[in-house]
Amino acid sequence: MKKYLFCTAATLALSFAVAAAPAQAQTKVGMAGPLTGSNAAFGVQQKVGADQAVADINAKGGVLGKKLVEVVQDDACDPKQAVTAANQLVSDGVVMVDGHFCSASSIPASKVYTDNGILQISPASTNPNYTDDGSAFTFRTCGRDDQQGKVAAEYIAKHFKGAKIAVLDDNSTYGKGIADQVRMNLKKLGIPDAYDTSYTAGDKDYSALISRLKQQGITLVYIGGYYADAGLIMRGGAAQGYTPQYFSEDAAQASALWQVAGPAAEGMLFTFPPPAEVGSAAAAVVNELKKANQDPSGYVLYSYATIQVWAEAAKKAHSVKGSLVSKELKAGGPWPSVLGPLKFDSKGDVVDAAYAIYKWHNGAPVLITAK
Amino acid sequence: MAYALQQLVNGITLGMIYGLIAVGYTMVYGIIGMINFAHGDVFMVGAFVGIIVLTALTGVTSVPMGILAALILSAGVCALYGFSIERVAYRPLRGSFRLAPLISAIGMSILLENYVQTSQGALERAIPVAVPGGFVLMNENGFVVQLSWMQIAIVVVTLVTLGIFTYIVTKTPLGRSMRAVEQDAKMAALLGIDTNRTISYTFIIGSALAAVAGVMFLLYYGVIDFYIGFNAGIKAFTAAVLGGIGSLPGAVLGGLLIGLIEAFWSGYATVAYKDVAVYSILAIVLMFMPTGLLGRNDIEKV
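Chains as they are written, first to last, in the numbering used here: chain Z, 106 to 476; chain Y, 10 to 311.
What the hints contain is simulated information worked out from the structure, not anything from laboratory work.
Do not rely on the hints blindly, as some may be mistaken.
[Claimed, not checked] Under the rule of at most 25 Å between Cα atoms (straight-line distance), these lysine to any residue pairs were calculated in the SDA-like manner:
| hint | chain 1 | residue 1 | chain 2 | residue 2 |
| --- | --- | --- | --- | --- |
| 1 | Z | Lys266 | Y | Phe152 |
| 2 | Z | Lys152 | Y | Asn123 |
| 3 | Z | Lys281 | Y | Ala278 |
| 4 | Z | Lys152 | Y | Thr127 |
| 5 | Z | Lys448 | Z | Ser428 |
| 6 | Y | Lys180 | Y | Arg206 |
| 7 | Z | Lys432 | Z | Ala422 |
| 8 | Z | Lys185 | Y | Gly116 |
| 9 | Z | Lys269 | Y | Thr279 |
| 10 | Z | Lys269 | Y | Leu14 |
| 11 | Z | Lys165 | Z | Val383 |
| 12 | Z | Lys269 | Y | Asn123 |
| 13 | Z | Lys216 | Z | Val195 |
| 14 | Z | Lys255 | Z | Lys281 |
| 15 | Z | Lys281 | Z | Ser196 |
| 16 | Z | Lys281 | Y | Gly130 |
| 17 | Z | Lys269 | Y | Gly130 |
| 18 | Z | Lys269 | Y | Gln155 |
| 19 | Z | Lys281 | Y | Ala13 |
| 20 | Z | Lys432 | Z | Gln131 |
| 21 | Z | Lys395 | Y | Gly130 |
| 22 | Z | Lys185 | Y | Ile119 |
| 23 | Z | Lys185 | Y | Ala281 |
| 24 | Z | Lys269 | Z | Asn221 |
| 25 | Z | Lys432 | Z | Pro213 |
| 26 | Z | Lys255 | Z | Arg288 |
| 27 | Z | Lys269 | Y | Gly116 |
| 28 | Z | Lys185 | Z | Gly239 |
| 29 | Z | Lys185 | Y | Thr279 |
| 30 | Z | Lys421 | Z | Lys185 |
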């Protein structure tokens, strides 16, 4: 027993020594996202972007003379796990966090970061409450669901006159948030939605829901939820010979959607931020990613931009202290980024964030309209 | 009318899958009086073996042969898993206090989930539609009731599997010793029945049934991940309790009932609260029939 104790103590001492030694000349940045669970495809995008940003910044000498080290935490898009991950990042001593991905994770985690004065920049959490809560430390490089929901509702109003519309959501912070925005905006435009309901995320059997949509003669189904469930609904619909127009949001961009739904997803429309990978600001980074055989689409560049704008602001503020960088981010700018110049408003939202309409066609998203 | 028929088809298909998993729970409970919480994860392993076999057989054109190969291999592998789980995690604890094997089972369940997650990845795995098409059962004012080949296959495979299984339990010497161990393990041992072997066989058969359910689940929904065992396991366990845990026809009846409640509640009330409906009905049934629908009253030995 004594021997074991000694071994454990020695290992612990050693691990502290190892961890402590290189910390002096380095700045730690956190990345938290769903690396497991049903949104893991997005966590991968997020990590690819963060890895690349850290590598590029370090190649140019780091931030304020110190190299960046990335600390990665998995939150599986689970609110409880997100808080644990956030506390872990805080105790690891990170100065900023790229994350989280899901709104349901970002919002509870933001309390932890705010309490500890750590800057949080989400590449993808679109729920308005994330920045509306009034914390000085929350930012995002993507748009908001009130913007996204409006774009979707206006597109539906313009292009699907007379459609019988159902709006579904998965009861998550994000899914219900965006679906409610679409419902509200449709109502404003004078288009009633014929059927509203929530489904249980993670269910595999949607046959009863599909039969119900089919029986009500719904011709346009809006899905506020993540790609795995949306894919299963479309796949199950095809099996019952039911093929309405599907419409969804930025979470439908993952290529995993096509793997799940297959040809049933053909023609599905969705809103997503304009393609950053075609912009001139991103050209160099996109080239590097392609050389490393990484797909630059989706949220990769949005994740890249979180660390990029933070680094720029930290240099300007001559400090990595959360409160100073936050002030600088909001006051200064526009900040050069792979997404083009970004300016933040007093809440931490991107000024003039835009949404475009895409369509799934032959296994890949195709841009339909830029505005 | 057509709509109700469509929901009936949806409910029966789902219920058959629940029932097939529930049989595994009920069997183990019947014979050693413990709830094998790792059973749902054996079902998940079965689905994964199925996807590995089907991916390896991409070149094979005969769909029925491919499915048969997946079913047999998956049942074989899962039988091995079931045997090992009992040997490693439950047998050493058999004489221990009542909760010990239960906690061991929960541990086993987490182990299997994490093992599949690390070896197969955390992302969903999907297969293309294996058996496309079906036929139109009814067409009423433009509402077409579809019955897919896959739904028919699920019902047929489940019934055949349960038929074979019932034959084993009621007609063979193995089934006789299983029933004997269930009634009184000590007495059965005194009469020359190898209880350890009988219990091992129970786990082997139960796991093979879970594997069949896993492969059917994979073929029907086409998408699996390492977490499917949890949801399906909870529902199947509920089915076993509703039907009367320990009773084989009860497990199938419970599964069917839950499938039908889910389908009809979603179809006529609200989709959002279907699980609330399932568990409310379970609670009501247990209030009036504490042993479930077909469960028999055990005399508690004090």
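Consistency of the hints with the structure:
{"no.": "1", "hint": "Lys266/Z <-> Phe152/Y", "in the structure": "holds, 23 Å"}
{"no.": "2", "hint": "Lys152/Z <-> Asn123/Y", "in the structure": "holds, 21 Å"}
{"no.": "3", "hint": "Lys281/Z <-> Ala278/Y", "in the structure": "holds, 20 Å"}
{"no.": "4", "hint": "Lys152/Z <-> Thr127/Y", "in the structure": "holds, 18 Å"}
{"no.": "5", "hint": "Lys448/Z <-> Ser428/Z", "in the structure": "holds, 18 Å"}
{"no.": "6", "hint": "Lys180/Y <-> Arg206/Y", "in the structure": "holds, 18 Å"}
{"no.": "7", "hint": "Lys432/Z <-> Ala422/Z", "in the structure": "holds, 9 Å"}
{"no.": "8", "hint": "Lys185/Z <-> Gly116/Y", "in the structure": "holds, 21 Å"}
{"no.": "9", "hint": "Lys269/Z <-> Thr279/Y", "in the structure": "holds, 19 Å"}
{"no.": "10", "hint": "Lys269/Z <-> Leu14/Y", "in the structure": "holds, 24 Å"}
{"no.": "11", "hint": "Lys165/Z <-> Val383/Z", "in the structure": "holds, 24 Å"}
{"no.": "12", "hint": "Lys269/Z <-> Asn123/Y", "in the structure": "violated, 44 Å"}
{"no.": "13", "hint": "Lys216/Z <-> Val195/Z", "in the structure": "holds, 12 Å"}
{"no.": "14", "hint": "Lys255/Z <-> Lys281/Z", "in the structure": "holds, 15 Å"}
{"no.": "15", "hint": "Lys281/Z <-> Ser196/Z", "in the structure": "violated, 33 Å"}
{"no.": "16", "hint": "Lys281/Z <-> Gly130/Y", "in the structure": "violated, 28 Å"}
{"no.": "17", "hint": "Lys269/Z <-> Gly130/Y", "in the structure": "violated, 40 Å"}
{"no.": "18", "hint": "Lys269/Z <-> Gln155/Y", "in the structure": "holds, 22 Å"}
{"no.": "19", "hint": "Lys281/Z <-> Ala13/Y", "in the structure": "violated, 29 Å"}
{"no.": "20", "hint": "Lys432/Z <-> Gln131/Z", "in the structure": "holds, 23 Å"}
{"no.": "21", "hint": "Lys395/Z <-> Gly130/Y", "in the structure": "holds, 23 Å"}
{"no.": "22", "hint": "Lys185/Z <-> Ile119/Y", "in the structure": "holds, 18 Å"}
{"no.": "23", "hint": "Lys185/Z <-> Ala281/Y", "in the structure": "holds, 23 Å"}
{"no.": "24", "hint": "Lys269/Z <-> Asn221/Z", "in the structure": "violated, 49 Å"}
{"no.": "25", "hint": "Lys432/Z <-> Pro213/Z", "in the structure": "holds, 22 Å"}
{"no.": "26", "hint": "Lys255/Z <-> Arg288/Z", "in the structure": "holds, 10 Å"}
{"no.": "27", "hint": "Lys269/Z <-> Gly116/Y", "in the structure": "violated, 49 Å"}
{"no.": "28", "hint": "Lys185/Z <-> Gly239/Z", "in the structure": "holds, 22 Å"}
{"no.": "29", "hint": "Lys185/Z <-> Thr279/Y", "in the structure": "violated, 28 Å"}
{"no.": "30", "hint": "Lys421/Z <-> Lys185/Z", "in the structure": "violated, 35 Å"}
Taken one by one, the earlier hints fail for this structure at numbers 12, 15, 16, 17, 19, 24, 27, 29 and 30, listed in ascending order.
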